[in-house]
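First to last, the sequence lines map onto chains A and B. All letters in the first sequence, in the order written, are residues 222 to 646 by my numbering. All letters in the second sequence, in the order written, are residues 222 to 646 by my numbering.
Worth flagging that the hints you see were computed from the coordinates, not collected in a lab. Hints may contain errors.
The list treats identical chains as one, so a pair stands whether inside a single copy or across any two.
Dumping the calculated EDC-like pairs for lysine to aspartate or glutamate here, alpha-carbon to alpha-carbon at most 20 Å [to be verified]: (1) K281 / E580; (2) K349 / E225; (3) K583 / D266; (4) K610 / E328; (5) K497 / E355; (6) K635 / D625; (7) K228 / E285; (8) K228 / E286; (9) K401 / D387; (10) K614 / E374; (11) K392 / E374; (12) K287 / E325; (13) K610 / E374; (14) K228 / D238; (15) K377 / E575.
Protein chains: 2
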Amino acid sequence: MSQEYRKMWEDLNLDLDAHDALLGVLGKVYGDIYMAQKERPGGMDYFNFVMTEIHGLRIKELLEEKKQGRKIIGSYCVFVPEELVLAAGATLIGLCSGADFATEAVEQMLPRNTCALIKSSFGFKLGKACPYLEAADMVVGENTCDGKKKAYESLKTLVNNLYVMDLPQMKTPQGRELLKSEFLRFREALETFTGKPITPANLKQGILTVNAKRRALHRLSSLRRANPAPISGLDALLANQVFFYDNPARFTKSVNALCDELEERIREKKGVASEKTPRILVSGCPMAVPNWKLPWIVETSGAVIVGEESCVGERGTRELTEESGNSLEELMEALVDRYFRIDCAIFTPNQDREDHIREMAKAYKADGIIHYGLQFCQPYTVEAIPLEKVFEKEDLPFLRVETDYSMEDVGQLKTRIEAFVEQLR
Amino acid sequence: MSQEYRKMWEDLNLDLDAHDALLGVLGKVYGDIYMAQKERPGGMDYFNFVMTEIHGLRIKELLEEKKQGRKIIGSYCVFVPEELVLAAGATLIGLCSGADFATEAVEQMLPRNTCALIKSSFGFKLGKACPYLEAADMVVGENTCDGKKKAYESLKTLVNNLYVMDLPQMKTPQGRELLKSEFLRFREALETFTGKPITPANLKQGILTVNAKRRALHRLSSLRRANPAPISGLDALLANQVFFYDNPARFTKSVNALCDELEERIREKKGVASEKTPRILVSGCPMAVPNWKLPWIVETSGAVIVGEESCVGERGTRELTEESGNSLEELMEALVDRYFRIDCAIFTPNQDREDHIREMAKAYKADGIIHYGLQFCQPYTVEAIPLEKVFEKEDLPFLRVETDYSMEDVGQLKTRIEAFVEQLR
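Using the sequences and the hints given, assemble the complete structure.
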């Protein structure tokens with residue numbers, strides 16, 4: 222890395238040694254998992270570049286935006302409406318939570334029995350290793366699961382400007398009212414913080430920008446219906462991960478360019494695996510960069526992943542925000558409608574998610590479903606059990622995996638997943 | 222047990238063998254823990270009787286109420302307003318969740334990493350061992366923690382008439398609105414179910430009845446300020462547990478009779494332990510019958526418990542419902558106000574709980590605090606860590622315990638608790 226970045230990281234008060242070590246591991250893991258893949262589309266070069274520059278060029282861009290008076294807003298969840306952030310002339314970025322870091326310090330603040338994702342978000346703060354978090358002018362938490370809801374009380378003591386958004390637990394009219402009042406409160410908070418009023422025009426532009434990102438991913442998803450699969454699950458996951466970090470317009474363009482290439486591949490019947498390769502739908506908890514453990518195991522076990530029913534995947538992006546409104550009120554209602562449809566396991570009941578899994582399995586011609594549960598993530602691990610029963614009854618093989626970010630269980634997982642894939646042939 | 226009870230249990234479709242075994246263990250544990258105590262107040266005889274008849278006489282009473290057309294409503298949480306249930310001419314009872322039961326069957330329905338309390342509630346259903354649950358005409362669940370919220374989705378497939386009440390996560394005006402709309406919905410559901418309209422008169426009577434139970438426990442609590450402690454923590458906990466099962470008027474009378482005796486003891490400076498015994502405040506998760514593990518360890522380790530900051534304790538009973546209203550609307554607002562003050566760890570932030578612990582420690586002259594966290598109970602185990610830091614800063618010794626219903630860790634816990642008590646001398 223150039224000296225310029227070192228100076229930048231130093232100014233962000235990162236722990237340079239720990240951060241160097243992190244980037245070293247990240248580079249190696251990326252090489253071993255991503256660069257080792259065969260038949261990768263050329264369009265993935267862009268994402269390779271993004272990954273090598275994940276703490277470099279992108280941070281530099283954000284700091285330049287800050288210099289020009291633009292605020293950087295960090296978030297940990299797909300319930301934070303990027304449309305509003307863009308409308309307020311600010312930039313939304315997903316914050317680091319995909320790797321174990323500073324675990325000993327984390328366990329002084331959180332119970333050991335906390336999911337890896339939450340622990341990771343604390344670890345990157347305590348270990349001073351997330352330049353996104355350090356560059357953020359405001360961090361937005363949300364009352365999704367108990368773990369996050371209660372952990373934000375402690376994160377508040379570590380992070381300067383933590384804003385917590387409340388969320389409903391049921392999709393009742395009262396639940397929608399709560400979400401609406403929280404979105405209105407967030408709109409006000411953004412306006413106050415950025416000093417820029419949110420108008421129908423800039424909100425509409427925000428909606429168009431975010432919808433364009435989503436549409437590009439929809440296009441990518443729909444191409445994965447093809448057999449042979451034109452892109453690996455690992456690469457598609459990466460695009461879904463970069464969705465949270467990248468400049469929206471550039472991201473949209475890059476995904477669309479990738480899709481042009483995939484369409485070509487499909488015409489040529491070219492794929493990343495043979496037509497007979499078992500096709501897997503992965504469903505469950507989000508996978509933040511660099512959490513590639515499960516898809517890596519799956520795709521080195523003779524299967525190909527054809528869809529992600531996940532916040533980092535279709536759960537996060539499948540719904541568009543209605544663009545037709547003209548008044549601020551209409552556009553806000555459209556936002557509330559859109560986010561209220563997210564079928565996160567924090568909702569009870571959550572029939573929509575079961576329906577969506579079924580729909581995805583059919584659309585992507587999945588031969589089996591692997592449910593990815595982070596250990597101690599109660600909403601998803603509890604929901605997984607009835608889902609397993611339902612899909613087994615429908616003769617859709619379903620494998621329930623519970624894991625964390627460590628590499629200790631890789632051998633055991635590989636054995637289970639290989640056996641599962643074998644049964645799909 | 223008499224043949225009459227066996228017939229009753231059989232009619233309730235209990236698994237008689239499993240239930241016999243349960244009662245056998247319960248009787249033995251009660252003997253070993255409760256009857257082995259010294260200097261017990263005579264007033265505890267009533268509670269001994271209640272315990273020997275817990276699945277006998279009380280169930281018989283409930284079945285007789287049912288015969289007379291009264292509905293039995295079961296609940297798992299202090300957020301279910303007994304006042305409304307009584308007003309609708311029904312009886313509210315707490316459901317079994319204090320012991321491991323049918324664990325293997327439970328773990329087919331819930332993740333292993335689920336707290337013992339939730340697993341227990343499933344175990345008693347799957348193992349057909351809770352006559353309260355089988356006698357209940359309606360079971361009320363509530364969206365408190367993730368574990369319960371998501372588990373009710375599966376419990377619905379086991380229990381005939383499960384009604385789920387939504388709850389807020391923040392004490393905002395929107396949160397209060399949600400609670401109010403849920404209480405109004407519950408009132409309607411009760412009226413429809415019982416066929417008895419809730420009127421200002423019967424709601425006021427319900428409030429008076431439940432407040433009387435609470436006032437009796439307030440009296441009991443205030444007597445525990447005395448040194449030497451006039452009653453053990455185990456016995457006081459038992460009274461708090463029986464609060465959830467017993468006939469309200471009889472319970473109130475029995476607690477008051479016990480208090481008369483304790484006042485006498487205090488005048489005579491008679492106690493269950495010497496004046497120099499370290500005094501402990503227990504704070505945290507609820508302890509349902511027969512979960513006496515922690516207080517038993519504490520009180521056989523040279524300390525006496527002087528207060529319970531718990532749902533089965535002051536968190537559940539300290540607030541009265543305002544009785545002065547005359548219209549249905551006023552009384553409903555009073556109910557919402559009362560329940561909205563409960564400082565359960567599901568709320569964020571939850572400063573009230575910290576304040577209440579401090580207040581209790583001072584009022585009951587506690588020398589130290591033991592925080593009781595059920596393993597995998599995220600709201601309480603996360604909250605315990607900042608609480609520990611706060612109270613240690615205030616020189617109030619604080620021991621954080623995380624455990625379950627098994628006996629495996631008793632030796633280890635006893636060692637830790639003995640060392641903690643030693644340090645308080």
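| said: For a quick check of understanding: which of the numbered hints are violated here, in increasing order? | reply: The structure breaks hints 1, 3, 5 and 12; every other hint is satisfied.
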